[in-house]
Amino acid sequence: MARLDSCEFWLTHDEWFERVLWSDEKWFVLHPSPNKKNTVCWSPENPNKLVPCKKAQGQKAMAWVGVVDGKCLPVHWFTGSVNSDAYLEMLQTVVWPAVRARATRHQYWFQQDGAPPHVTAPVMDFLHSKFGGRVISRNSERRWPPYSPDLSCLDFVSGDDERVDRFSMAAFPTTSSAIITGDFNAHHGTWDPSCTEPDSTGQLLQDWMETNGWEALNSGAATRSGYGTGPPTAPDVSMAHRDLARRCTWRTGDDLGSDHLPQVMTVTVSGCRPRRIRKTRWSFRKASWTAYTQDCETALTAAAPAHLTVDQLSNRLTDAIMQASAKHIPRGARADPKPWALDPELERAVAERREARAALDQSPTPENREAWKRAKKKAAETEEEARKRAFRTFATEELNQHANLGRITKLLRKMEGGVQSTAPGQAINGDRGREAVEDRSKAEAFVATYAAVSKHDGITADKFVLVAYDFARAYDTIDHKMLQNKLLRHLPKCLVTWIFQLLRDRRACVEVNGVRSRDRPFRAGLPQGSVLAPTLYTLWAADLIEELRKVPRTDCYMYADDTATVSAGPNIQMALSRAQQSADMMARWATKNKMNIAGHKTQILVLSQWAPDAKNVTLKVAGSDVTATSHVKLLGVTLDRLLHFGEHCASLRRKVRPRTAQLRKLTGHSWGLREHHLRTVANGYVRGALEYAAAAWLPAASPSHVELVDRELRAAARAVTGCPMSTPTHGLMAEAGMATAEMRRTTLATRMVMRAASLPPDDPLRAVATATQHSRLSAVRGWRELGRNTLRDLGALDVPVEPSLAATLPPWTPTEGVSIAPTAGPACARGRSDESRRTAAEDLLEKLPGAERAIWIWSDGSATGGVTSGGGGAHITLPNGNTEEVRTPAGVYCSSTRAELVALRDALAKIVEIEQEDAAPAGGDDPIIACLDSRAALMTLESGPAAQTTQLGATIWQQLLLLVERGRPVHLQWVPAHCGLAGNERADAIAKEAAGMDQSNAPIDTRCATRAAARSARRQWQRAWPDGWYKEIFGEEHLPGPVSGDNRMAAVDTHQLRAGHWSQSAQYLHRIGRRPTDTCQGCADTECPAARCLVCGEEADTPRHVLLRCPCLCGTRLHALGNMHGRPPDLRRDDVVAAFAAGFRSFQSRSATPRQ
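Residue numbers (this note's numbering): 29 to 1184.
There's no promise every hint is true.
[Said to hold, decoys possible] Below 25 angstroms or equal to it, Euclidean Cα-Cα: the simulated DSS-like pairs (lysine-lysine) are: (1) Lys405 <-> Lys416; (2) Lys54 <-> Lys99; (3) Lys1059 <-> Lys1020; (4) Lys693 <-> Lys629.
Treat the hints as calculated values from the structure; they're not laboratory data. Note that the structure is predicted; figures quoted are calculated from it, not measured.
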């Protein structure tokens, strides 16, 4: 009755609700258990529900909270037990100070339950004195019903001023096989269309998903309808990795009585079991032993070079055996066949058993059941007999062979239940030719053989310790006086004095808010950012390098102020001892030179294939204990123990993902940057970060880690093209114009090998490139081996390499007397006729100064396809009428521009030779006019002598300056090609003759070889494309270029249609589950009714149907192609594909719009 009276009172005085200060307490228990006072079941009938109850035990604390005007008062935590005194103290110090300003003005009521500490005389006297009798409690005029927690509007949450959002995604999984769903109370426009501005939790979720490659599965439908007047929202989020999200569908379920709707997700999984990859085995039975023996004898009887060592001869023997084995001994991964499985009697018995089982299934009579039992028993007996016969044959015919002695031991161990041997079950030739049968003898033979193979010049397999030192403020602490003394050991005194005065006179000041400090001279330090600073630091640390080289088996590597040492030893203890010697020497040198080693920033890495070597490794560096880590970062590259570069690839992904996300923000499906700009940004902004120092680490990275780089490249390619994630990889990368990481590793390795070969013989990089390093792991290939193999495939391994430019000409080199004209005026433009171009060129050449007495050079270059078999030719006409012709092969791989420059270089050299022989006519100041038809070559030379980056360009400028120095002005003039100019036509013929000459002695440059490697990698990649739609369009010789124009939607449609996955296709949307029907939620069957074309309805609207078959686009095809039956190669044109897509979209919109 008390509860009923209270409810009637509140219903008649609902305006009082806003004038009540509601209060309550709550126990928070570390290990809670049900409490009978707080577990109440309200039901019109006896629920007959049993609740295990006992008092709450364990560590606990009580919190008091109050609510007034819809706001929470500060939470008060009671320490110890709650009695009348503690409760009264809380009212006096917490409650009343918080509400006294409003309680008396608004006539607030104070509500509390009837707990004994609440109704003592001191407490009630205090409440009545402050609230004027407006107290709702036991022992008061307005009583609070006992056991009535459901009548209070209080929710146990803390106030706004004290709540701390501790939500974190750190513990969430990031794997591609997990789904995260729940009520996050997070709002973001990605999954909640009603959200105009995301809240903090929603933005946190969105950032986490973008960083880890996850997507929200929500379709945008509301998941909650609040009890208020606001619109439905979606605070519930379901998310999964992008790879899994493609196979997920999301919807809201039926109302279950809550304000939140359930989230229903469907995941499409494969029904097949994961494929088991078996270890391949040699099939000796199928081997062609005659051919094997002949190949081995042929390889071994060939004369071997006299300088080969024993180890090299052993490797030569091993290579011959392995090559013959791979050629004549089949190898596969099939399971061992059961020899008795094909026994004819067993096959008949099995067939009878199957017939009996079929009859039993069709008619389960007692007779059929007995017949099936008899057939089953007979088949089992026949199988046992067949197994016995097969084993007898095996033991009699095979195990008696001498080479199969090892198989007997293996068979016996298997029969007795022992552990199977890991070695092949055959006898092998062991150490020093002795036959090894037992496992121990095989193991000893293997160890001895591996030790011989691993031994290089008397040094066994080493352990290495890499220490990367960090000097605190290295450039800023160099003492000028000490630097001067060191420089005097290497440089002339005048140069040292100039450098010292430059450093000694440095002054600086600081300006803050317009107030400038006094100038202060700097007596130490090198100017940061100066090109002179790294060189000075190298000279400063020259004595350190000399000292470190004294430590046995220790190499020092220095780049500017980054210093690292690598210490080697036959075991990890010896390597650590040498590394400690280097660290001590570094510390002594730093103290002597007034520098500090930052021990806490120094990194140690153990390079060993045995993991225990890297455990508990510590060095003392400058008084600090430095512990080895699993990886170190050196010059921006993260090195790991096995040099697989897995951690480096992972760090690159973390670095590049935000960049790709930023790239996506620059474009959409219907707006954004032009594709040409997108490609440029993607290659510079994303690929540039991925390929930092990639020539050194990418060729050696394992395939699984290269795949990590490829994933980020594909993400950038999707941003460029707008293709969905399900797009085939080859079509995606080709449409984006981006090379895969596998292609780039080949190109970069080739460039590194060529760059090293172009250096002087004493250069350290060339010494590293020419060294022979035996690979310990067959799956690991460094840049040397990969680059050499590529050059060998290109036929350019033994071709001479053009030396790199050691030093450029100074920028103040005078160029007076040399003039270059890369144009000939509008009269010689390409659009004019050949006759008019020839006439204009002849008139221009006749008007050149000194044309009547000049030495004329007509040079031209030729290269097959513009890339191979280059040749340079020149026709020289002297003032006396004599002529000279120059023919020069330009290299097996050569561009047309390089061939032009080779022809000009040799023509100028010929003139210098003629002058040295004093064969030139009188008048040594006659000008020299060289006519070329290559604007690129002239523009390369026009940039000046100091801007030349190749030895070829520098040599030409040296020849030009030499001729000018002798008094002959030189003019280089561009002329139009193939327009009938006699000199140009003759030079072109000579160049073609030169291109057919022997190219074996013609040097090639690094750029041409790198481009050849890139073309080769691209051709191999295209040949590996799977047969299908995209290969029908482009074949193996063509690649798409960037889509021209500003229409982003047309560009996206073009890429998606050619790549095979168009987001506007009903068939594609149905396949990914975005267009489900009542009968089919989603499938890849093109015959499914839900996949039919929405325009014609004849078949599924695949890209082939849209572009080549849809009858509604016959007119568009006729207009664009000239016929109604197009072919896949016609789709290489971007404008054609864009027109078909626009036409299909138009028909789709008409089909979707109902007719009036």
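A quick look at each hint next to the structure:
1. Distance restraint check for Lys405 and Lys416: the Cα-Cα separation of roughly 17 angstroms lies within the 25 angstroms cut-off, and the hinted pair is therefore satisfied.
2. The suggested pairing of Lys54 with Lys99 holds, with an alpha-carbon distance near 18 angstroms, which does not exceed 25 angstroms.
3. A distance of roughly 35 angstroms separates the Cα atoms of Lys1059 and Lys1020; the hinted pair therefore is violated under the 25 angstroms criterion.
4. Only pairs whose Cα atoms come within 25 angstroms are accepted, and Lys693 paired with Lys629 is rejected, the gap being roughly 37 angstroms.
Checked against the numbered hints above, the structure violates hints 3, 4; every other hint is satisfied.
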